[in-house]
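All chains should be modelled from the sequences, with the hints used to inform the complete structure.
There are 2 protein chains.
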Amino acid sequence: MEYYAIIVAAGKGTRMKSKVPKQFLLLNGKPVLMYSIENFFKVLSEIKIIVVLPSKEIPRWRKLCREFGLGIPHSIVSGGATRFESVQNGLKLVRKDGIVAVHDGVRPLASDVLIRRIFRKAKRFGTAIPVVKTKDSVRLLEGIKSRVIARNSIVFVQTPQCFRTMLLKRAYEQKFHPSFTDDASVVEAYGHSVKLVAGKEENIKITTKEDLLFAEALLKQR
Amino acid sequence: MEYYAIIVAAGKGTRMKSKVPKQFLLLNGKPVLMYSIENFFKVLSEIKIIVVLPSKEIPRWRKLCREFGLGIPHSIVSGGATRFESVQNGLKLVRKDGIVAVHDGVRPLASDVLIRRIFRKAKRFGTAIPVVKTKDSVRLLEGIKSRVIARNSIVFVQTPQCFRTMLLKRAYEQKFHPSFTDDASVVEAYGHSVKLVAGKEENIKITTKEDLLFAEALLKQR
Chain A
1 MEYYAIIVAA
11 GKGTRMKSKV
21 PKQFLLLNGK
31 PVLMYSIENF
41 FKVLSEIKII
51 VVLPSKEIPR
61 WRKLCREFGL
71 GIPHSIVSGG
81 ATRFESVQNG
91 LKLVRKDGIV
101 AVHDGVRPLA
111 SDVLIRRIFR
121 KAKRFGTAIP
131 VVKTKDSVRL
141 LEGIKSRVIA
151 RNSIVFVQTP
161 QCFRTMLLKR
171 AYEQKFHPSF
181 TDDASVVEAY
191 GHSVKLVAGK
201 EENIKITTKE
211 DLLFAEALLK
221 QR
Chain V
223 MEYYAIIVAA
233 GKGTRMKSKV
243 PKQFLLLNGK
253 PVLMYSIENF
263 FKVLSEIKII
273 VVLPSKEIPR
283 WRKLCREFGL
293 GIPHSIVSGG
303 ATRFESVQNG
313 LKLVRKDGIV
323 AVHDGVRPLA
333 SDVLIRRIFR
343 KAKRFGTAIP
353 VVKTKDSVRL
363 LEGIKSRVIA
373 RNSIVFVQTP
383 QCFRTMLLKR
393 AYEQKFHPSF
403 TDDASVVEAY
413 GHSVKLVAGK
423 EENIKITTKE
433 DLLFAEALLK
443 QR
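Going line by line, the protein sequences match chains A and V.
Position one of the first sequence corresponds to residue 1 (this note's numbering), numbered consecutively onward.
Position one of the second sequence corresponds to residue 223 (this note's numbering), numbered consecutively onward.
Please keep in mind that the hints were generated in silico from the structure rather than gathered at the bench.
These figures come from a predicted structure and were not determined experimentally.
There are no misleading hints in this set.
Computed, partial: chain A to chain V, Cβ under 10 Å: (1) F214; (2) A217; (3) K220; (4) Q221.
Glycine residues also receive a C-beta, built at the ideal position from the N, C-alpha and C atoms.
Listed below in structure tokens is the structure:
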């Protein structure tokens with residue numbers, strides 16, 4: 001059984017108003033994306049890591065790897081116009097039966113415990129999607145109106161999302177649809193249900209400068 | 223026209239696994255609740271501030287006010303068994319026509335801009351509820367199943383929530399119902415619609431140690 005991690009870092013970081021894409025920003029002095037790669041390698045040293053980057057950022061990434069002495073072997077693949085296409089490109093390197101994790105490159109705080117849990121559940125159920133509850137009141141917008149919905153009926157979806165390799169490859173042969181917001185939704189559209197498992201609150205996605213500050217605070221506490 | 227702020231700090235902080243209730247925890251060396259009080263006073267120095275505390279924590283709060291030299295005048299009211307009851311107790315001190323804000327004591331980062339916006343909109347529309355969008359994928363749990371819902375159809379509700387005083391007082395004369403998760407839901411149950419306005423992402427609710435770290439990071443950046 002083979003293990004793969006497709007780390008999607010094909011975003012151009014427009015939300016951050018920074019010239020450096022957010023996956024390359026420094027978190028305690030090290031690029032965000034390097035944490036994501038290291039986290040998988042720590043748990044499964046035999047894992048095949050596939051990093052999806054915007055084509056024009058590949059030279060910059062290679063330079064960063066040299067500068068920071070990143071010794072973890074990984075393949076580099078060019079991203080597409082959408083996240084869907086980027087994952088498709090990554091899946092071309094997934095050839096054997098096993099488990100594949102798809103992970104946001106900008107989630108540098110996925111812990112060992114979380115990564116192990118997701119792989120273990122995916123081996124058992126074929127899929128494993130980490131989710132977390134919310135503590136805020138939630139409203140559903142309906143046209144110009146809105147209504148409260150029970151907060152415990154809502155969960156947020158994180159990554160890594162894990163799947164049997166052949167299932168995810170087949171699901172990604174579908175035509176793109178705007179409802180494909182993550183890998184779980186692609187697999188569901190293919191007709192397969194997904195298994196939700198407990199995620200971790202600290203496994204945040206870095207999309208703003210405030211998130212970067214929060215991640216630094218969390219790392220300090222570890 | 224009179225302005226009021228009911229700052230609800232009647233929680234006992236069980237989630238924090240700390241003996242100190244979370245509204246009294248130190249944020250950059252100052253109790254969380256003091257930020258909330260100062261934020262309203264900075265924007266509207268004539269505002270009547272009503273702080274709702276657990277009865278047994280009132281002596282501790284008075285001591286903290288002396289220690290930190292908090293000079294902002296405010297009334298102190300005992301909380302009830304539920305948030306609903308706590309707000310009811312606070313509303314007993316709201317007697318004149320005007321605008322009342324109800325605010326979580328553990329949201330110390332409500333900015334001047336946000337507080338001004340909410341009061342302004344409430345003067346115009348009778349109600350103003352700050353909400354923020356989410357950047358994560360969202361799933362709705364339905365029994366043992368779940369399904370993706372469009373992330374832009376969901377918003378999180380923050381505080382301060384502002385209302386015409388007489389509207390909120392009448393709404394809080396209703397009998398308690400478990401669906402009352404915030405003031406907006408109480409007002410809606412009374413038959414009045416609520417006006418959603420843009421909240422602020424950094425206006426976080428402090429319920430875990432990680433939130434406290436995040437708040438410190440955000441304050442440093444200001």
